[in-house]
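Got chain A sorted already, so can you dock chains B and C onto it with the hints?
Going down the list, the protein sequences come from chains A, B and C.
Okay, so the first sequence: first residue is 1 according to this note's numbering, each after it adds one.
Okay, so the second sequence: first residue is 1001 according to this note's numbering, each after it adds one.
Okay, so the third sequence: first residue is 2001 according to this note's numbering, each after it adds one.
Please note that a few of the clues may not be correct.
Here are some, though not all, of the chain A residues that point toward chain C, as calculated from beta-carbon distances under 10 angstroms [said to hold, decoys possible]:
1. 93
2. 118
3. 154
Here are the computed lysine-lysine pairs in the PhoX-like style, where the Cα-Cα straight-line distance is at most 25 angstroms [unchecked claim]:
4. B/1105 <-> C/2176
5. A/123 <-> C/2237
6. A/123 <-> C/2014
7. B/1135 <-> A/240
8. B/1082 <-> C/2195
9. C/2014 <-> C/2064
10. B/1008 <-> B/1078
11. A/144 <-> C/2237
12. B/1076 <-> C/2195
13. C/2064 <-> B/1022
14. C/2014 <-> A/130
15. C/2068 <-> B/1022
16. A/35 <-> A/79
17. C/2176 <-> B/1082
18. B/1105 <-> C/2195
19. C/2176 <-> B/1022
Restraint-style ranges between C-beta atoms, simulated for each label pair [unchecked claim]:
20. A/240 <-> B/1276: 17 to 27 angstroms
21. C/2163 <-> A/36: 39 to 49 angstroms
22. A/242 <-> B/1276: 15 to 25 angstroms
23. C/2151 <-> A/225: 47 to 57 angstroms
24. A/65 <-> C/2014: 45 to 55 angstroms
25. B/1015 <-> C/2014: 20 to 30 angstroms
26. A/236 <-> B/1115: 50 to 60 angstroms
27. C/2244 <-> A/5: 48 to 58 angstroms
28. B/1020 <-> C/2215: 24 to 34 angstroms
29. B/1015 <-> A/78: 49 to 59 angstroms
30. C/2244 <-> A/118: 17 to 27 angstroms
Worth flagging that the hints you see were computed from the coordinates, not collected in a lab.
Computed from a prediction, not measured in an experiment: that's the story for all the values here.
C-beta: ideal position from N, C-alpha, C; glycine also.
Listed here are the chains, written in short residue letters.
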Amino acid sequence: MSFITLKDVVYSYEDIETEPNAPRAVDGVSMSVEKGEFVAVIGHNGCGKSTIAKHLNAMLLPDSGKVYVDFDDTSDEDKTFDIRKKVGLVLQNPDNQLVASIVEEDVAFGPENLGVEPEEIRKRVDSALKAVGMYEYREHAPFKLSGGQKQRVAIAGILAIRPECIVLDEPTAMLDPNGRSEVMSTLLKLNRERDMTVVLITHYMDEAVLADRVIVMDGGKILTEGTPGEVFSQVELLKKHRLDVPQSAELMYRLKGAGVEVGSIPLNAADCINALEEVLR
Amino acid sequence: MSAILELKGLGYTYGKGTPFEKRAVDGVSLSINKGELVGIIGHTGSGKSTLVQMLNGLIRPTDGQVLLEGRDIWEKPKEIRKIRFRVGMVFQYPEYQLFEETVYKDIAFGPTNMGKTGDELDFAVRSAASFTGLKPELLEKSPFDLSGGEKRRAAIAGVIAMDPDVLVLDEPTAGLDPMGRELLLSQIIQYHKQRKNTVLLVSHSMEDIARVADRIMVMSKSRLVMFEKTKEVFSHGAELEQIGLRVPEITKIMQELKNRGFDIPDGILTVDEAFSVLSRLLKKEGKIW
Amino acid sequence: MVRDVAFGQYFPAKSLIHRLDPRAKLVMFAAYIVIIFCTFNFVSLAVTTAFTVLFVALSGVPFKFYFKSLKVIILIVLITSLLNLFYGSGEPIWQWWIFKITQNGINRAIFVTLRIVCLILASSCLTFSTSPTEMTDAIERLMKPLKVLHFPVHEIAMMMSLALRFIPTLLEETDKIMQAQKARGSDFESGGITKRVRALIPILVPLFVSAFRRAYEIATAMECRCYNGGDGRTRMKSIHLSARDFISFAVLGLVITGVILCNIFLEPAI
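So here's chain A without its partners, still in its complex pose:
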């Protein structure tokens, strides 16, 4: 079994026992996440991606179907804290996740809740802050930091719990381009250098392109999944569901339609330039 497994998960924000026709936020989703993977889940607002995120650490429990985290069923109440220790969840608004008035005290909040010894907390806090590049800011007040910095502190707050997997629910939606790239490079570093499993919920295609695997959701269901190359070469499907496609992929797709011989669809500017040069020469 995978590290995280979802089996036919159905969830509605209303009570489907009394209201059988209530809209389902998630409608029969099965997916899995392997250890060390970087998975991106994309889709419109209301497609169910955030609801999925909250299922991964037992913040929400499925109405039907099952979620397993490292062999534990999330609906087993005795396991809730074990699951939250293994799967950390970072939310969209960085302001509302920082609970203490000093950066390092905020990062310590998780391990303090778990009853970790003070010296051990100190170690965890320092290493978590170093991992996100915010160690120099450990004594600052959170409200004076930029959005990207706040979000990196929020990530450190989860890292200090020492999870095996970190799930992020649209962590860049409220950030400016600099903040977005700060957060993205932090996540890539954690995944590549520390083998952290990352599940990134986002609506930015340029972020999803960097993942190992992309899952596209629409209307509470999985529309398609695969490597970024596989997913974003389905330009027509994505456009039909009014999802963004990287400009490189869109251009090459249209040229292909016009009869140009194109190999694989490029996902970034550099690849696109090289592919076009080959075509034009």
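Relative to chain A, chains B and C alone:
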């Protein structure tokens, strides 16, 4: 063409005379024509937020002047409210300003403050709602029951309802998903085309700005560093990158191809343009028919 | 702007005062408030002022921050000292119309000014040198005995620390909402009292709505970080009394003794 807004040596210093003094805007002079759609780009902290808040008198400049149709907006400080009705300002995440019991009443807040009543008020509210694509049946709902995208529309309608001569939008699409972004942007273009008034759009999305702006103001470190036609600005890719901004991905691709010796014009801004340029080139060389 | 208020903000540093046990600081501050109002002659006033200056100097916080918090209350100091100046008892030294200045009035003005200034300096010193977490931690521990009476000590401390964390955020938000409503023609500066109160509705409603939304999100975030009430929680910064706390107590003890002795043996100046 006549200028609607003119800035003359405009500057602002926060906390003047204290140890925490900070120059936020420095010596900005420019003039914006009636009916233009101007994009404003720059880093967070480049001074663009302070700059736009001086345009409708929310912040009083410490140096220089803002002229609206040739008259200093601070000529009569007591009447600064009238300026705010003529230069409408939509802030970032404007949905956080909704407060009335119904969407209708909330949109009516601005025009009511202007003194509009009766049919005139009703017309202002309903036409503003339709400009932002808000369905009429939503008008009687509580603004807090709307979806995120609808709230955003309602809030923007609240400013449009004042029928300002100049509409300033500070990142109107921030936090929306691609579909919502696309929809809102096309509604703004629609509004601009129909009312023929001046629109200033602050955005971090170069792709959006490239699609809609006639001219672009580039702010960096409190100063205005460029104010040119959109194509012109985006053909200065290297300079933009130096101040930490980027150009649209498609522009970058086409610029690089040009640098590699292909016959491609400067400042390609959209995938459509790029496609037609490339297919013409490929046809000429007989690679496609 | 509201954000510029320095009063009540932590200033990170590694000074002696910063390293004092926050419980010790709180207890000393409480004792200090009592003695500053028990100074009745110039000698004891000088001793307490010197004591205050010593702490301020040892705090390692640049004086401009103290100056900023003093600036906030300068008007109050001026008004109260003027009132005291003109309402002293005894023989007038100078008189004009209903205003008369007496030696007693001058003394009162000096006392009240110095007392308020010292009080502000001392409380700023406390908040500059003690992070809100340390502060609430100290309150939680000092109130621990009340737990026997089923008093929710941990919950109250948690609420206080969250409130302290979100005050600047909410102030900033108030600022933004005010600007947005002003842009729609809100007028906060003119009209009678009812009109002004009504003008606050467009600010208060969005502020409450957003505060509730925040509260909900914060609760979710806390749960995600395994928060489960106060039981079994540990603290990263364990606080314990050390030699420097006892030295500070001793210094304060000397000051208190000095003030008491002065009050017994010297004539009161007011």
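Hint check, failures only: none
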